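Peer 1: Chain residues, written in single-letter form:
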Amino acid sequence: MKTNQVSYDDIIEFFKIYTNYLDYVLYVSLTKKGINEKTHIYLMKVFVILISKENISNKKIILNKLKQIQNKYFNVKYLNLDLQDKLSYEEIVNIYQIQNSVEEFFYAISIFKKHNNKYLKQGIIEFHNFLAHLLVAFTGQNRDTNYKKAINHLYRGTIDCYKSIIKNKCDIDCKFQEEIIKIREQEMKNLGVEATSTQAKYQIVKSYKNIVKKIIM
Amino acid sequence: MQKENFEGFEFKGVDFSAFIDDKESLSMIDGGITQTGSVSNFNDEWNEDMEELNELLNEAFKELNENKSS
Numbered sequence: 001m002k003t004n005q006v007s008y009d010d011i012i013e014f015f016k017i018y019t020n021y022l023d024y025v026l027y028v029s030l031t032k033k034g035i036n037e038k039t040h041i042y043l044m045k046v047f048v049i050l051i052s053k054e055n056i057s058n059k060k061i062i063l064n065k066l067k068q069i070q071n072k073y074f075n076v077k078y079l080n081l082d083l084q085d086k087l088s089y090e091e092i093v094n095i096y097q098i099q100n101s102v103e104e105f106f107y108a109i110s111i112f113k114k115h116n117n118k119y120l121k122q123g124i125i126e127f128h129n130f131l132a133h134l135l136v137a138f139t140g141q142n143r144d145t146n147y148k149k150a151i152n153h154l155y156r157g158t159i160d161c162y163k164s165i166i167k168n169k170c171d172i173d174c175k176f177q178e179e180i181i182k183i184r185e186q187e188m189k190n191l192g193v194e195a196t197s198t199q200a201k202y203q204i205v206k207s208y209k210n211i212v213k214k215i216i217m
Numbered sequence: 001m002q003k004e005n006f007e008g009f010e011f012k013g014v015d016f017s018a019f020i021d022d023k024e025s026l027s028m029i030d031g032g033i034t035q036t037g038s039v040s041n042f043n044d045e046w047n048e049d050m051e052e053l054n055e056l057l058n059e060a061f062k063e064l065n066e067n068k069s070s
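Chains as they are written, first to last, in the numbering used here: chain A, 1 to 217; chain B, 1 to 70.
Just so you know, the hints here were simulated from the structure itself, not pulled from any lab data.
Being a predicted model, the structure only gives us computed values, none of them experimental.
Just so it is clear, CB atoms sit at the ideal spot from N, CA and C, and this is done for glycine as well.
Do not rely on the hints blindly, as some may be mistaken.
What follows is a list of derived Cβ distance ranges for each label pair [to be verified]:
{"#": "1", "chain 1": "A", "residue 1": "91", "chain 2": "B", "residue 2": "10", "range": "16 to 24 angstroms"}
{"#": "2", "chain 1": "A", "residue 1": "71", "chain 2": "B", "residue 2": "10", "range": "26 to 34 angstroms"}
{"#": "3", "chain 1": "A", "residue 1": "68", "chain 2": "B", "residue 2": "7", "range": "40 to 48 angstroms"}
Using the sequences provided together with the hints, build the complete structure.
Peer 2: Here it is as structure tokens:
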């Protein structure tokens, strides 16, 4: 019996908490207090647990714990952000637009983590940029542009994970030289092309993924 | 608009045990190619609550992996 599944309301709740976090971080990160980098990791992990289709018994407990942490540490209002009230079910049902990109990102970052036993900072940063754009898309504000930018950040985070693995494993004359050069050529051809399609980008992801699979598996 | 259930994402092939963390693994390394941002250094005032959250997440990732493989 799937009694612990997450509803769209829970996802709205997560993004309400994230709105507060973003408000906190946008100000505090520019002060000497700084921000707690582990919180970035936790929020990414809570997000993936929430949106996974698997039935996990403590999903709601995790969301409640995050809510407690929000109330205790970052329930602030430094900025006049008018986002929380605009989060709506009608917008959040569009979340499936980003499904493929999100799944690819978590595949890449899990491989990186598995092989380095640490998270790639740039991957985590890209993920948070993704969440910020997704949050605004969920309010309906510049929806299409924000979805596009959200997906772009995930794309960058995904290929950063793969590139870092390749960089650490391949000498200049490694056996993947030809494949690496071909992907680089493709990337250069797409550079600055506004209309580079998500499909074309994910062809590049697929190519990097194939090399990484050969390197580490 | 009638509310539908959120089906969730599948995450085919993702080994979620990668996200089970202890103090050492819950950290970041540089090494990206396109460094564009920064995350400030860790400051540890939130430790106790965050450790509780980490425990809950570790349990969830274990369960998630078991459910995916069964």
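Peer 1: Please go over all the hints and tell whether each is borne out by the structure.
Peer 2: For each hint, the structure was consulted:
| no. | hint | in the structure |
| --- | --- | --- |
| 1 | 91/A <-> 10/B: 16 to 24 angstroms | 22 angstroms, holds |
| 2 | 71/A <-> 10/B: 26 to 34 angstroms | 33 angstroms, holds |
| 3 | 68/A <-> 7/B: 40 to 48 angstroms | 28 angstroms, violated |
Comparing the model with each numbered hint stated earlier shows that hint 3 is the single one that does not hold.
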